[in-house]
Amino acid sequence: MSADNRATAVPGAASVAADPDTVAAAAANPLRQGSVTLAAADPCTVVVFGASGDLTRRKLLPALLALSREKLLHPKSAVVGFARRPLSDDAFREEIRASALEHGISEADCRRFASSVFYRSGTFENAADYAALRVFLERLEHDRDTVGNRIYYLATPPASYAAILEGLGAAGLVHAAGLGTPWARVIVEKPFGHDLASARALNAQFHASFDERQIFRIDHYLGKETVQNILVLRLGNGIFEPLWNNRYVDHVQIAVAEAVGIEGRANYYEAAGALRDMLQNHMLQLLTLTAMEPPSRFEADAVRDEKVKVLRAMAPLTRQQAAERTVRAQYLAGAVAGAPAVGYREEPEVKPGSKTETYIAARLEVDNWRWAGVPFYLRSGKRLPKRATEIAITFRQPPYSLFRSAGCQSIDANVLRLRIQPDEGISLSFGSKSPGQALHIDPVRMDFNYLTSFGADPPEAYERLLLDCNLGDSTLFTRRDEVELAWEHADAIAAAWSEGAAPALSTYPAGSWGPPEADHLIARDGRRWLRL
Amino acid sequence: MNGSEGAPIQLASPTGDLPFDAPALERDLRGMWKAASANRGPVYRAALANLIVPLSPGDSDRIGPVLVDVTRRHPARLFRVERRASASAERGLRAHATALCHLRPGGGLVCSEQISLSWDDPSGPLVASAIASLLVGDLPAVLLELNQDQDPPWQEKLARIADVRIVDSNLAPGAKEYPRVWGRRPGRDRGPVRDIAWARLTPWREILAEAFDRPEAARAIASIQDVAIHHRGPEPPPGAWLLAGWLASRLSWTPRAHEGGRMRLDAPTRPVSLAFEEEDDRPAPAGRAAGAASRAIIRVRIRSGAPTPLDIAVEHEGQATTARIVLLSPRAKEREVPFGYREFAACVAGEIQRHEVNLAFEEAARAAEEMIALWRKA
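Sequence order for the protein chains is A and B. In terms of the working numbering, the first sequence has 390 at position 390, counting the first letter as 1, and numbering is strictly consecutive. In terms of the working numbering, the second sequence has 10 at position 10, counting the first letter as 1, and numbering is strictly consecutive.
Hints are supplied without guarantee of correctness; some may be wrong.
[Stated by the list, open to error] As a list, the in silico DSS-like pairs of lysine-lysine whose alpha-carbon atoms are at most 30 Å apart:
#1 B:Lys377 with B:Lys176
#2 A:Lys76 with B:Lys333
#3 A:Lys190 with A:Lys355
#4 B:Lys34 with A:Lys386
#5 A:Lys433 with B:Lys176
#6 A:Lys309 with A:Lys190
#7 A:Lys190 with A:Lys351
#8 B:Lys176 with B:Lys157
#9 A:Lys386 with A:Lys355
#10 A:Lys386 with A:Lys190
#11 A:Lys71 with B:Lys333
#12 A:Lys351 with A:Lys386
Keep in mind that the hints were calculated from the coordinates and are not lab data. In this text the structure is predicted, and so the values were computed from the model without any measurement.
Pulled out of the complex, with its shape left as it was, chain B reads as follows (with noise of 0.2 Å):
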């Protein structure tokens, strides 16, 4: 979905910040649409989605702008739920309604309601329910996590009113946390998961998958014995792990030990090695995507052996919007091909727009978590 690209404006309801009342905050939504109509021309209010968004004290900074993205992309109604300063004086459970509106090319505004909660610890499991309570009901709920250090305990009941939930498992301090990001921790009652860590492998994934189209390429499929993963960072990210659970799950390979730095596969008429190679000798983008880039996969190459001998790397860095591939093996060629490089917000609002349980995400994440077992276990 494209929009404007404008600033974003920010409508705010008359009555401002007050304790929680659910028929008072529509009624102030109401007021606010009229008031904007009246002052600032046609006011479009646009709506695909239930949104709910816990944050972290600090995070507001981070993600705020985020926010402003997705809904631009995809509008919703936003709940924006945020733990009140513990020197503040106020009590319980408070909202307020506001708007984030972008300027339509065409003229007037088009605008997502966002309600901001603020929560105390003694009313903070009592927000859920305010949620439920003003949830667009005909709309999905998604609970976008993005706070996963300061997980409350009653978040999970967020989970409970959420259709699905995403995350982004590169927030996750390591390797042992990320199958509890994927949802894949026994006990937990929660939805469908979807991981921006998955959104950002599609690109690599669409690449790979291309580079076995060709009839030759796909002969080679069945003899592959050696894969390497080159990434940033100390320790795979979970993206590395995902892609080669992906790998995994799609090629039928069993997980069976981690020796001597690299994972050993059976495949189905060989074993496949699997290793992840670190790599910081090349400068990491600076700017917005720097913490993304610093955990990025860089560069995959696998190789065959006989009877069809093949050696292929692609190769991406940073924000590029195209990729290499490169050929080294049964002949030396090389070639650019478009790298679908998405921003985080564009990645969140493919994810919201999802509507199918994404099978190949749940097997990659399987096989993936089985890895990561071994990888701890050596």
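The shape of chain A in the complex, shown without the other chains (with noise of 0.2 Å):
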């Protein structure tokens, strides 16, 4: 950061970025000189294709209006859900307000956001309801002068996509990808396909409609603030990246941990399992920012270039290897926070003989300069004890035991743990003597928390990526080419597994960590999970 101001606006910057010849002029304006600055949000309209669903009341607009309430939505912008459901602008904006007062907002700010809410009813494959919208967002955007920008999020199940991007691509909804204003983008939630062929098809549709400048897949992970202090972390400090390596790291473990079950989205959850719904996708992300060289600048494509790169050094699985180095199961009924819970087959509508895995364990390999010979353990499952999303980077021991003479036999090695959720932040373990006479050593940590330094919990995700995307920054976002890569992976496990390969599946009850195979396979490796 330079001289001069952290945060403020760029009035127009983001449509100011998309001209060659501006952006030239731009850079040598002596007025901009000593001077950093976030861009500010162009004005837009935010349509929402299925907007009377759980995604948009819970994520989608509670976080466009904290965005509101902190002027970082142009003041003109709009939200317009769209969705089969008959109903009145009033009473979307009611719902919006039921929402919003749900997650601590005031009513104040509910009244300010509503102003510039609408709601316009329709079916995804009805032509004629997509010429209505055009007609409604024009009027809409001569009204309130957004000059016709426009971000369309697909919060809907993934089967109604191609529908949408038909419906927008043949009422003439979506503007040619250029320079400036009037810009259109479309927002995608993942899972983007369920294998590599599906990805690709996907990504075909989209490309009918959308460059793939405009097209921002969504994981809502790289919007955690934990997740984006990783780069800071590792490049913005001077004694973390030095160790960054194999010379100093010992392994990396990857670990996404729900308490929940479920949640009734049987239908979607038979299909995927933790391989597609969590490996594929949150985790793959997880370790390649972890993994990552350096970028060049700070900009969207050269990191996102870096993260494809890591996962070009990871050669998918062989059927042998994914018998070897993966772990699949399926829990039972347990306990889980001192209530019971029902095994996955009892699950509502989950098939009585279903071999889905709701928990996966693998151990992966980066092979390249910096990481060869580490190895990187991921797992993740349903109903285990607690929510815990951690990446745990544990380093060498010492070359030399200089206290095993005064009897301190071992050591815990030095673990340093980036928390993604819950309590993000960051701590250090380290051996430290204990007070007294005899010489022991134990271990405590240096703590960093969010909430005890900085005094609030970070926002949450999706406002950012919300915010990104209104910006036209993609930093956040996964490009074409991390998606099919992070799908091939995916589908080297799939594939073994579906060919009866071992491992077969196997069981854990609700309440307990996984199952027993997913502590061998880190422990023939003479290591073991930490504990969350």
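With the hints in hand, could you dock these two chains into one complex?
Following this line, the structure appears as structure tokens:
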């Protein structure tokens, strides 16, 4: 960050940034020298498809409302909900109000936001509804002077994507990718496909209407503050990056533990399982951010190029490797956090003989100069004892055990933990002499916690991601090649499993940390899972 | 930083106001946290800075709410330094510990420690050493000087233990005092200075910079010949001087003279005329922001001559979140743009969060000082 202001707005900078002549002129503008600015959002209309759904109510609208309250949305911006359910503007606004109040947003903020919220009813397959939407948007844009900038948010099941894309294209609702305004962007939720072939087909569908620069594939983990902090920790501090390699790192553990079950989403989860629901996207994203080389610039494509290189450096597992290096399991009845929990096969709408894995563990390797010989252990499961996501870097032991002669046979390795959720923060464990006359070395930890340092919880991931899309910054979104490469890895594992290759589907009681096979997977290498 | 906007909650130490004793205060604070946790559920003690705030008699009502808001936005160990009323029977340096807390949306309290020190004439010079003994070692120390009318001589000692000073030149009585406030008086041993008047200029500078981003406007920079800064109040406020200084320092203009109510500056290719215009015909906003608004900049007009004529004005009123850019020439056009208006506490928190030397401010203040000298001479 240079001499001047850290968090100020450049009106219209997002549109300015798209015009090369203006970019050059702005770079030479002497009034810009000595200033670092955050671009301000262009006025735009956010059209949410699936506006009556759970994601919209729980995440999107509260995030948009928070952005509006923080004056990070342009005051002329509008939100248009689109869904099958007939609803008036006022009824939609009332739903938003109820949801917002649940999120601790004040009545006054709700009222201010409500005046910019609208609702259109329609079916995703009906061309006439898109034509009507176009008329509505054009009138709204004229009234609010938003110059036609649009974000289309597909908060719908993936099965609806094709119809929506076709409807948008046929109704002429997508501005061609070009410089300046008006612009059109589309945000699509994960899962992006269910295997490599479907992801490629989906990419082709999106590219029929949108340029890659207009497509924002959301992986909401990337909007989490601690995930963004991975690069800051590594590359913004002098002490970590020199240690961030196979000379000093023994191994890396990435854990995404959930206490919840499938929460009534059997239809989706039966087809996805932990492999497609977690490993293919969230976990591989965390891995690439941990393992990537420093980008030449902190810009979307420079960052994503480096992430892609990590995925390329990981050869997809062969069947034999998948048998040896992966574990899959399904939860049985048990108890989580003091409450009884049914087994996966007893969950509503799950097939009694379901083979879907609710737990996955894997040992992956990044075959490059930096990480050769350093295993990355990944594990994720539902109905584990608690919700916790973290990346733990375990460092090598010192080369010589100086304190063995004093009776300290083993000292725990230093572990740097990046806690993604909950209690976002970073801690470093190290050995310390216990007070007293004898020499005892106990593990202690230095802890950074967002709440106790900054006095506030980090903002919701969706706020950051929606704002970035508005600004045209795709750094925290996944690119086409990233998605497809991640599916190559997931597909290799799925193929090995589906062809009867080991490992067989194991089980674990709800409320436990997974099946014994997962412990064996890491114990074979002389290591153990860290407690979450 | 966002936090809950609910009413602040104050925790008090069990012992109350006592003669200053650093270890006893630390014990008091620990005791207070223990008691608070037991009584109120989770209590998070947060700190990103040491914030030292000397207060003049009567300042508490004016500045107290600001400090609550500042610590909500940027948690700190806060040192309030107040002169005791002369009628008080108590003697020497006294202190007590409290905490300013706000409700966390997810539950619990987030708190900043507050140590209130009161002094009398004999003990005033001891204040800096008392604070030094209680600073959180690995956090920056920031001196927030909002009491410039009552600057005690030993306040310099506070400046020496602080890593940075935050001032508000709007509180200074007149233009001749602005350079002193900006730390530009020779012989003063003070650390870097940040001025809230400068922080308030941020949206103005951004919008003006943006106005010259387009290639056709960028070409007009070299032919700027006339600048008018319209302000409220009888004299140009410090923000107006700093804005003029910023333009001069960014565009390599050298102040030459003040003639006929206008400043003459030499630009690399032509002279530039700069005027401060008083505007009182519009009603100033009422309420809390009225003080700042009574000396606010409300319009900046910049005109360029041949070969790239341009006449552009930026207008903003009160706490509006948008400003108008009015292009008068070469073609008439108007547009509304976001204006990043910030409350006073947000400006203070923003300046505390700044970790870099503010070269743009330093250069603007230097140029502003030169212009003030010419203006006063005239």
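Checklist entry - Would the pair Lys176 (chain B) and Lys157 (chain B) pass a check requiring their Cα atoms to be no farther apart than 30 Å? => result Distance of about 24 Å is within 30 Å: holds.
Checklist entry - Holds or violated: are the alpha carbons of Lys386 (chain A) and Lys355 (chain A) at most 30 Å from each other? => result 24 Å, holds
Checklist entry - Is the straight-line distance between the alpha-carbon of Lys309 (chain A) and that of Lys190 (chain A) 30 Å or less? => result Given pair Lys309 (chain A), Lys190 (chain A) holds - Cα atoms ~22 Å apart, limit 30 Å.
Next on the checklist: Tell me if the straight-line CA distance from Lys71 (chain A) to Lys333 (chain B) falls inside 30 Å.
Outcome noted: 25 Å, holds
Checklist entry - Taken at face value, is the distance from the CA of Lys386 (chain A) to the CA of Lys34 (chain B) at most 30 Å? => result OK: Lys34 (chain B) and Lys386 (chain A) at ~28 Å, within 30 Å.
Checklist entry - Straight-line Cα separation of Lys76 (chain A) and Lys333 (chain B) no greater than 30 Å? => result 18 Å, holds
Item to check | Hint consistency between Lys190 (chain A) and Lys355 (chain A) [alpha-carbon to alpha-carbon, up to 30 Å] | outcome: 22 Å, holds
Next on the checklist: For a C-alpha distance cap of 30 Å, please report whether Lys190 (chain A) and Lys351 (chain A) respect it.
Outcome noted: 24 Å, holds
Checklist entry - Does Lys386 (chain A) pair with Lys190 (chain A) here, judged by a C-alpha cut-off of 30 Å? => result Roughly 23 Å separates the two Cα atoms, so the pair holds.
Checklist entry - Is the Cα-Cα distance between Lys433 (chain A) and Lys176 (chain B) 30 Å or less? => result The given pair, whose Cα atoms are some 60 Å apart, is violated under the 30 Å limit.
Next on the checklist: For Lys377 (chain B) and Lys176 (chain B), compute the direct alpha-carbon distance and say whether it is at most 30 Å.
Outcome noted: 11 Å, holds
Checklist entry - Can the restraint linking Lys351 (chain A) and Lys386 (chain A) be considered satisfied, given a maximum Cα separation of 30 Å? => result Satisfied, since the Cα-Cα distance of roughly 26 Å is no more than 30 Å.
The structure shown violates just one earlier hint, number 5.
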